[in-house]
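For the protein sequence lines, the chains are H and C, in the order given.
The numbering of the first sequence is my numbering, which starts it at 1 and goes up by one.
The numbering of the second sequence is my numbering, which starts it at 1 and goes up by one.
It cannot be assumed that every hint is accurate.
Said to hold, decoys possible - Straight-line Cα separation of at most 20 angstroms, PhoX-like style, residue types lysine-lysine; simulated pairs: (1) H:K285 <-> C:K310; (2) H:K331 <-> H:K178; (3) H:K91 <-> C:K310; (4) H:K54 <-> C:K92.
To be verified - Each pair of labels, with its calculated beta carbon distance range: (5) C:T187 <-> H:G195: 41 to 47 angstroms; (6) H:P168 <-> C:V362: 53 to 59 angstroms; (7) C:E151 <-> H:G196: 52 to 58 angstroms; (8) H:K126 <-> C:E102: 44 to 50 angstroms; (9) C:D109 <-> H:S59: 47 to 53 angstroms; (10) C:D254 <-> H:R436: 51 to 57 angstroms; (11) H:D364 <-> C:E151: 53 to 59 angstroms.
Just so you know, these hints were derived from the structure itself, not from any lab.
Remember, predicted model here, so these are calculated numbers, not experimental data.
Think of the CB as a built atom: it goes at the ideal place given N, C-alpha and C, for glycine as much as any other residue.
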Amino acid sequence: MIPESPFTRRRFLRTGAAAASAFAAAPFVLTAEPGRKYRTALIGSGWWGRNILKEAIASGRVKVVALCDVYANARETTAEQVTDLNGDQPKTYNDFRELLAKEKPEIVIIATPDHWHALQTIAAVKAGAHVFVEKPTGHTVNESRAMLRAARDSGRIVQVGLHRRIGPHHVSGMNFLKSGAVGDVGMVRLFAHGGGGREKPSANTEPPEGMDWDLWCGPAPLRPFNSRIHPGGWRNFLDYGNGQLGDWGVHWLDQVLWWSGEKYPKRVFSTAGRPISGPAVLNAKEQTTDAPDHQVATYEFEQFTCVWEHRRFAENNAEKHRIGAYFYGTKGTLHIGWQDGWTFYPTDDNAKILHEDSQLQQPDGHNLKLLWADFLTAIDGGAKGVANIEIAHRSSVLPLLGMISWRTGRSIQWDGATEQIVGDPEANKLLSRPYRGEWVYPAV
Amino acid sequence: MLRFPSILSLLVGVSVLARAADWPQWRGPQRNGISTETGWGDTWPGDGPPVAWKAKVGLGYSSFVVAQGRAYTLGHADGADTVFCFDADSGKSLWKHSYPAELGDKYFDGGTTGTPTVDGDRVYSLSRWGDLFCLEATTGKVVWSKNVQQETGARVPEWGFGGAPLVSGKLLILNVGEAGLAVDKATGNLAWKSAPKAAGYSTPLPVTHHGEELVLLASGQAYVAVNPATGKEAWRTKWVTQYDVNATDPVVDDERIFLSTGYGKGGALFKWAAGAPEQLTKVKALRTQMNTAVLVGGHLYGVDGDTTEKASLKCLEFATGAEKWVQPGFGSGALIAADGKLIALSGSGELLIAPAAATGLVPTTRAQVLGGKCWTAPVLANGRLLCRNSKGDVVCLDLRKK
Numbered sequence: 001m002i003p004e005s006p007f008t009r010r011r012f013l014r015t016g017a018a019a020a021s022a023f024a025a026a027p028f029v030l031t032a033e034p035g036r037k038y039r040t041a042l043i044g045s046g047w048w049g050r051n052i053l054k055e056a057i058a059s060g061r062v063k064v065v066a067l068c069d070v071y072a073n074a075r076e077t078t079a080e081q082v083t084d085l086n087g088d089q090p091k092t093y094n095d096f097r098e099l100l101a102k103e104k105p106e107i108v109i110i111a112t113p114d115h116w117h118a119l120q121t122i123a124a125v126k127a128g129a130h131v132f133v134e135k136p137t138g139h140t141v142n143e144s145r146a147m148l149r150a151a152r153d154s155g156r157i158v159q160v161g162l163h164r165r166i167g168p169h170h171v172s173g174m175n176f177l178k179s180g181a182v183g184d185v186g187m188v189r190l191f192a193h194g195g196g197g198r199e200k201p202s203a204n205t206e207p208p209e210g211m212d213w214d215l216w217c218g219p220a221p222l223r224p225f226n227s228r229i230h231p232g233g234w235r236n237f238l239d240y241g242n243g244q245l246g247d248w249g250v251h252w253l254d255q256v257l258w259w260s261g262e263k264y265p266k267r268v269f270s271t272a273g274r275p276i277s278g279p280a281v282l283n284a285k286e287q288t289t290d291a292p293d294h295q296v297a298t299y300e301f302e303q304f305t306c307v308w309e310h311r312r313f314a315e316n317n318a319e320k321h322r323i324g325a326y327f328y329g330t331k332g333t334l335h336i337g338w339q340d341g342w343t344f345y346p347t348d349d350n351a352k353i354l355h356e357d358s359q360l361q362q363p364d365g366h367n368l369k370l371l372w373a374d375f376l377t378a379i380d381g382g383a384k385g386v387a388n389i390e391i392a393h394r395s396s397v398l399p400l401l402g403m404i405s406w407r408t409g410r411s412i413q414w415d416g417a418t419e420q421i422v423g424d425p426e427a428n429k430l431l432s433r434p435y436r437g438e439w440v441y442p443a444v
Numbered sequence: 001m002l003r004f005p006s007i008l009s010l011l012v013g014v015s016v017l018a019r020a021a022d023w024p025q026w027r028g029p030q031r032n033g034i035s036t037e038t039g040w041g042d043t044w045p046g047d048g049p050p051v052a053w054k055a056k057v058g059l060g061y062s063s064f065v066v067a068q069g070r071a072y073t074l075g076h077a078d079g080a081d082t083v084f085c086f087d088a089d090s091g092k093s094l095w096k097h098s099y100p101a102e103l104g105d106k107y108f109d110g111g112t113t114g115t116p117t118v119d120g121d122r123v124y125s126l127s128r129w130g131d132l133f134c135l136e137a138t139t140g141k142v143v144w145s146k147n148v149q150q151e152t153g154a155r156v157p158e159w160g161f162g163g164a165p166l167v168s169g170k171l172l173i174l175n176v177g178e179a180g181l182a183v184d185k186a187t188g189n190l191a192w193k194s195a196p197k198a199a200g201y202s203t204p205l206p207v208t209h210h211g212e213e214l215v216l217l218a219s220g221q222a223y224v225a226v227n228p229a230t231g232k233e234a235w236r237t238k239w240v241t242q243y244d245v246n247a248t249d250p251v252v253d254d255e256r257i258f259l260s261t262g263y264g265k266g267g268a269l270f271k272w273a274a275g276a277p278e279q280l281t282k283v284k285a286l287r288t289q290m291n292t293a294v295l296v297g298g299h300l301y302g303v304d305g306d307t308t309e310k311a312s313l314k315c316l317e318f319a320t321g322a323e324k325w326v327q328p329g330f331g332s333g334a335l336i337a338a339d340g341k342l343i344a345l346s347g348s349g350e351l352l353i354a355p356a357a358a359t360g361l362v363p364t365t366r367a368q369v370l371g372g373k374c375w376t377a378p379v380l381a382n383g384r385l386l387c388r389n390s391k392g393d394v395v396c397l398d399l400r401k402k
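Whole structure, please, built from the sequences with the hints as guidance.
So, in structure tokens, the structure goes:
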């Protein structure tokens, strides 16, 4: 198999998107002005949002005009940090709609939980902003499609936080793969393992002071507040995230699309459960997470098979790597990992094991600095963004399809051209979900 | 009979050369991280001071208290917290008291975080989940116990209650509720309480300011001063740290207060005349996440940075906040001071002893005394230094000069 060159693909996408946006009614025209500062707002001012914002500030290309969070502590502490870093004094907002209406930002960073990405991204591009939004794009497939549509219609750049698209050891690992050094690759295994055990329910409490919990839940179901959900824990609550497959899986599935040039799989099957963490609990008094403690998802592509697996128990001491992707080729196995860089294990016993270290920004081990710089280049008119919404939409759909297969208990046949599941109306219903209260599911 | 005079003469001899001291409460006899002890050995070659004894106490970050020849700490294992009492000399286990408790391992290893307090023949201990015990110091027998969280409905902060109990006259003051609560130390009966909102993680700090007795506490989103007898709030200064982790004690020097917390927040110097303190300047160079800085000779010595980054040991001038030196790679360890010297245990278990000097850190002792994760300050009492790691390996070093 000969993977498509990503450069060719990107050029094609750039042309396509430019055509699509030619007639978009943009509220104002951004011309390329390298070096100028963009009025920037952050929606979702928690841990990860601050990581992105720090890189944005470090680029010297932003004026931070506003911060939004439904938790007063998050917006206040982040505002103080911004002032300490570059002297900007951002206004703070509880409601992103008010922020967009009043501040007219040119760039909006969105680092809220997954269930908010679609509505906020769509509102931001409609308000004329370029968007940097966290992965995965949507919480359900049709949210992601609606984001893609809104981005195209607006002509705005939407970059998604798939920083592994640009991380130095990922780029060089991909180059190594494409050089043919691994031989023909027939299978890919993706994984993220961690420790864990039986999960005891924890007590629901009043939300902390200054937390607008109803708005935190927004279009998603209103669970009783529990510190296991916030901060950070929502990734393993399926109302708000999609478990390990949604959180970690999307990064590695994205690497597979990048490498192969494939746009979608033909068939997806996933099985998962909670045999170790135990049954999910949700009642008025207490709750546990409800994401699977382990999961296997098989993606059948035209020319290879890709398997995702995770488990949150039996932390891996038996294998060399805990996280990453194994590309199995006729000349050996390439592991692309996280902190551990990439390593090539040749089939030839006489050949040397090859390795390259990672180059990450600490403390949290990411490559947001490069992804942000690439985003600015795209806004300045130089490119489309290595993790733009066109690319990231396709990558984000993969974990969401895995979750649908698991929920329905059967394999699903995916028609990537129409983005429909073939011959399975019940599964197709899960491409969307009902929204709560005043919130309206975005139109595809 | 022959031994008696020799022991006496030894004791007299020691007292001439050195002053020994107990460490009966969090941050020592003066609640400032400084021991009054002198005459202990600060120069140890090779592997460092000799090991007097070792023990295992289970998971946690609880520090030690030492009084009347007994050393106490806490640890967690198999769904229970345990209060341990050791003979401080030999390390012999004198008693243990266990009670069921959650591990509470959100974003860290979990286990106990609070430290007991000794007051005469009693030991007091508060769990992360509000279990409060009054134990006989010599036997571990429960004098009384209760759960103050359940009694008052106080919010449990994200990582549980972390402050040690403070003995204040007849009362025991706890950092539970928005501005503390107090119980009668003899009976456990509630004396006063504050709003059931989130507490911070500091230990109540007693101060006398302009003749007025006050207790300073880290609340969830402020530092507050209360009257210890009544709980009446004297003032509060807003202090918002990410996740409401106000964990460190204020550092008070007459009319100045230094506050500092982690998660990028950093510190600030306040002037404290009458009423609430007024902020003079921010001190971003010292961001103390868990352990309070120690003030020696007009300089602050403390750990700057969070556990998630490469925290460093720093020296700052107290009056100006000016940074004097940085020791990178120290990690999220902690330090105390005694006799003008720093005794520091790095985040990875290296012991450093060095003169407390603004000119630089020049250790007279460097020794790897523990492995693993050491976030707990070492404790010096009667010539012995107690160190632990998060897994509960305890090592007691003999710092007495031979």
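(request) Return the numbers of the hints above that this structure violates; sort them in rising order. (result) Of the numbered hints, 1, 3, 4, 6, 7, 9 and 11 do not hold.
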